[in-house]
Amino acid sequence: MTRAHFDPRTLHRHRAAGIWSTLFLGAIIIAIVALGALLYDIVDESFGLVAIENRIDPASLARDGMPLETLDKAQLVEILTGHISAGLLRRLENDLPFEERDRANVYALVLERVVEPKIVKTWSLTDSLTNRAAIEAEVLAEYPQARLEFHAWINSTFIQSPQSSSPEFAGVRTAILGSLWTIVITIAVAFPIGVGAAIYLEEYASDTLVNRVIQTNINNLAGVPSILYGMLGLAIFVRGLEPLTSGAWLGAGDPTTANGRTVLSAGLTLALLVLPLLIINAQEAIKAVPASLRQASYGLGATRWQTIWHHVLPNALPGILTGTILAISRAIGETAPLVVVGASAFVALDPSGPFSKFTTLPIQIYQWTTRPQDQYRNLAAAAILVLLVLLLSLNAAAILLRNRYRRQG
Amino acid sequence: MNFISPIFTHTQVQQCLVDTPAAAGNCAIETHDLTIYYGDFCAVRDINLHVELRKITAFIGPSGCGKSTVLRAFNRMNDLIPSARVEGAVLFGGQNIYAPTVDAVEVRRRVGMVFQKPNPFPKSIYENVAWGARINGYRGNLDELVERTLRHAALWDEVKDKLQQSALALSGGQQQRLCIARAIAIEPEIILMDEPASALDPIATLRIEELMRTLAQDYTIIVVTHNMQQAARVSDYTAFFMVDENRAGYMVEQGHTREIFTNPKDKRTEDYITGRFG
Ligand SMILES: Nc1ncnc2c1ncn2[C@@H]1O[C@H](COP(=O)(O)OP(=O)(O)OP(=O)(O)O)[C@@H](O)[C@H]1O
Ligand SMILES: [Mg+2]
Numbered sequence: 001m002t003r004a005h006f007d008p009r010t011l012h013r014h015r016a017a018g019i020w021s022t023l024f025l026g027a028i029i030i031a032i033v034a035l036g037a038l039l040y041d042i043v044d045e046s047f048g049l050v051a052i053e054n055r056i057d058p059a060s061l062a063r064d065g066m067p068l069e070t071l072d073k074a075q076l077v078e079i080l081t082g083h084i085s086a087g088l089l090r091r092l093e094n095d096l097p098f099e100e101r102d103r104a105n106v107y108a109l110v111l112e113r114v115v116e117p118k119i120v121k122t123w124s125l126t127d128s129l130t131n132r133a134a135i136e137a138e139v140l141a142e143y144p145q146a147r148l149e150f151h152a153w154i155n156s157t158f159i160q161s162p163q164s165s166s167p168e169f170a171g172v173r174t175a176i177l178g179s180l181w182t183i184v185i186t187i188a189v190a191f192p193i194g195v196g197a198a199i200y201l202e203e204y205a206s207d208t209l210v211n212r213v214i215q216t217n218i219n220n221l222a223g224v225p226s227i228l229y230g231m232l233g234l235a236i237f238v239r240g241l242e243p244l245t246s247g248a249w250l251g252a253g254d255p256t257t258a259n260g261r262t263v264l265s266a267g268l269t270l271a272l273l274v275l276p277l278l279i280i281n282a283q284e285a286i287k288a289v290p291a292s293l294r295q296a297s298y299g300l301g302a303t304r305w306q307t308i309w310h311h312v313l314p315n316a317l318p319g320i321l322t323g324t325i326l327a328i329s330r331a332i333g334e335t336a337p338l339v340v341v342g343a344s345a346f347v348a349l350d351p352s353g354p355f356s357k358f359t360t361l362p363i364q365i366y367q368w369t370t371r372p373q374d375q376y377r378n379l380a381a382a383a384i385l386v387l388l389v390l391l392l393s394l395n396a397a398a399i400l401l402r403n404r405y406r407r408q409g
Numbered sequence: 001m002n003f004i005s006p007i008f009t010h011t012q013v014q015q016c017l018v019d020t021p022a023a024a025g026n027c028a029i030e031t032h033d034l035t036i037y038y039g040d041f042c043a044v045r046d047i048n049l050h051v052e053l054r055k056i057t058a059f060i061g062p063s064g065c066g067k068s069t070v071l072r073a074f075n076r077m078n079d080l081i082p083s084a085r086v087e088g089a090v091l092f093g094g095q096n097i098y099a100p101t102v103d104a105v106e107v108r109r110r111v112g113m114v115f116q117k118p119n120p121f122p123k124s125i126y127e128n129v130a131w132g133a134r135i136n137g138y139r140g141n142l143d144e145l146v147e148r149t150l151r152h153a154a155l156w157d158e159v160k161d162k163l164q165q166s167a168l169a170l171s172g173g174q175q176q177r178l179c180i181a182r183a184i185a186i187e188p189e190i191i192l193m194d195e196p197a198s199a200l201d202p203i204a205t206l207r208i209e210e211l212m213r214t215l216a217q218d219y220t221i222i223v224v225t226h227n228m229q230q231a232a233r234v235s236d237y238t239a240f241f242m243v244d245e246n247r248a249g250y251m252v253e254q255g256h257t258r259e260i261f262t263n264p265k266d267k268r269t270e271d272y273i274t275g276r277f278g
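Residue numbers (the working numbering), protein chains in the order written: chain W, 1 to 409; chain B, 1 to 278.
Only chain B is shown next, with the shape it has when bound in the complex:
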């Protein structure tokens, strides 16, 4: 945790991050020549992709090709890794979130994240949902927010009688939906999900996928997955990543999921999807 983030006043930040839709049409996030290093090692290079507003975009590709690295660049979570260094630009609503005047805390409030392993806080279910809102200075009624959010995350019926119990007592699938609820409670514009269902059984996985489809009406979702069927089932757009001979990741192609899966432009994409890769 050695990164010292620049501190700026609230007004400055508001000048920096403009509202997404007005500024950028249908584009939620865009990258320009995004290159990320861990120390001297170049993990991904020259990524140019764009993510559609209120759609689900899937990142697929072999292990180690930098999908998580790119995802973490979208809410500046890489800042927490001391050796990580980012070059190029990530445009969020037309604004580069890596511009020196932008506050990473503000970015993370507006770009939420769900992790591979369910990681609820060791607090009550209620507190898990309410905490993010509270620290971000939410002025409304917290009880209402918690109920609304848990309903939205399709978890309300299962937990409404035990809101004050520890979140750690929930099943893995419930914990992951709680983490999604926790993320949407602060009303982000984008939700990043890094293999959100990889630790879950098929039924819990389906529930997460259903939930993602519902959420896509209001949110832009970017999901990393190793499950080809899942990418095909759930996403509108797909980006395919590979590693080059220096183990640096790069994006091979992106497009409509239907196109990528039925009629990929690149031979490597076809090989990977049909399982002929490597």
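Isolated chain W (complex conformation):
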């Protein structure tokens, strides 16, 4: 072979490489910009100035020269009794007798029911920071009674409060708990079934037509629109298995919700939804376990199960957990199938177990975004932040677990 067969110049090869690397850089910049815009949009709506009007000026509620904040419980109850209707009072007493409520609770009730602050207008964070003077002028002109205040829509009250019909007091606690319950059931059901199916397909199933059809179906199921899983869940879990999913079989059913539209149905439906994802990922992880390891194990007289349990699974676990992270991310953001399965529009009571009525964060967000008032848009943005934080912390937990196994391995 002579030199003449090769082009000695490398410059144009370097130039091609340079063009490609610029393209890749461009791709990552576009991705980062898109992500940044998304975050900006959410944060922009989650904080900002609000104009608040009170129905009754708290200053007028002062007793004997003492401002409202310093009054004791008895005085607060007195104010409450004086200002709200007898019917509402009876309802509150029914929910929890006043003797059992502490001062903070009564104080909150006075604020909510008597002072009744109303957010009359909201501004985005950008507006609030750049246009303060104009906003102040506008408030003065249009809402002379209102005070202007900087409001973080995402705050501890927002996270701790249940759903409420007035946006000033609405929170996401029921939705967070609903999401957590659902995701726990989803993973508890989908993880063992998914890993089990993957083990069967990789380690036991022989290469027959039936097994190949099963494999192809699993691959295709991963791409089925989620709403179809909702219909499936509705047919199987909500209707077909109603005695089970409503808890009637176990005698645990809540009589007010004794139909199948429960946390359990939602969790099972989402489990079906993420199952293909989990199986495919677990299969890949199992495939990636080196053959030399299996040979070493079999060579020592291990049975198939001993090999799987002691070597294949521990070494595949990081990969399986990666699949689980994907499954959690997918399940926690799902809305459509849960609407079909019957997530409730308005739940003010915390879900107390698998047989409760439920709502989840994405459903809550969806409902808030459909309301016409400005305040709900801000609430939705704050709830999206909560959802993101919840998602990231669940994933962080899974990643920590995975890293622990990596290090051991």
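I should point out that these hints are in silico values taken from the structure, not numbers from a laboratory.
Cβ coordinates follow ideal geometry from the N, Cα and C atoms, glycine included.
Subject to a maximum C-alpha distance of 27 angstroms in a straight line, what follows is the list of computed DSS-like cross-link-like pairs (lysine-lysine):
hint: 1; chain 1: B; residue 1: Lys162; chain 2: B; residue 2: Lys117
hint: 2; chain 1: W; residue 1: Lys287; chain 2: B; residue 2: Lys117
hint: 3; chain 1: B; residue 1: Lys123; chain 2: B; residue 2: Lys160
hint: 4; chain 1: W; residue 1: Lys287; chain 2: B; residue 2: Lys123
hint: 5; chain 1: W; residue 1: Lys73; chain 2: W; residue 2: Lys118
hint: 6; chain 1: B; residue 1: Lys117; chain 2: B; residue 2: Lys55
To spell it out: a stretch of chain W is covered by chain B in this simulated footprint if at least three of its residues, at any positions, have a beta carbon under 8 angstroms from a beta carbon of chain B; those stretches are:
hint: 7; stretch: 285-299
hint: 8; stretch: 309-315
Fit chain B with the ligands to the given chain W structure using the hints.
The following block gives chain B with the ligands in isolation, referenced to the frame of chain W:
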């Protein structure tokens, strides 16, 4: 991993595999017309060889002539390859290990294997040695077993202070001796070694060879090697393999290593050993 091995009760297995020495004199393993296919491809054909008890037998021959294939037939590792099919008989202690009543798991407990590339488990050194014993239902003291085995494998002094550390942190040569220790920990009767030193430097190789000589007092060893000096140095018996025009491997001759290397009966053996092959 698509092979479904037949499952038998323990008692049945014990009926099948009789103790080696009593049943077969000085012969550890014998094959009768052993022919192995991968799918339609015949990898080796009509192998008739026998392996002496507590001696080292070397398999030599050009690449692709089926040495590893034959070796894997001795502990039914070929079962793990879905396309592999075995015909003929492999007699271990007078019993055909391919008889339908024999459990491959039992065979592999009694015929251990060391692979070309060191493949310790990604676990601690201790666990690497103890694991095989534990899963095979060892009833004695594991700590003692680990120490005894590592001493036997001439590795104890190097690792006694770091038994709980990962085996992957050992050097290649140490890893390979650990794999040998792991194999002898379950007290097999035969140890199969497929080019055990080919990934090692000359000094580590010598240590493995020394170790093989020590082990040969208690075990039957079959070793595949491409290194003629190694075969000459370490083995008592040698079997020479070739490929025919259909790429099927066959055994040309076997005998005392001294005979094979100094006075081979077959011209092809002489050519191969003196480097005139091909
Ligand atoms: N898993 C397998 N599937 C299909 N064919 C195989 C498989 N393993 C080996 N073979 C074929 O069988 C023949 C013998 O292979 P084998 O590995 O036994 O040779 P070898 O003598 O050990 O070679 P080397 O000295 O290079 O290790 C070769 O032609 C090889 O291509
Ligand atoms: Mg080989």
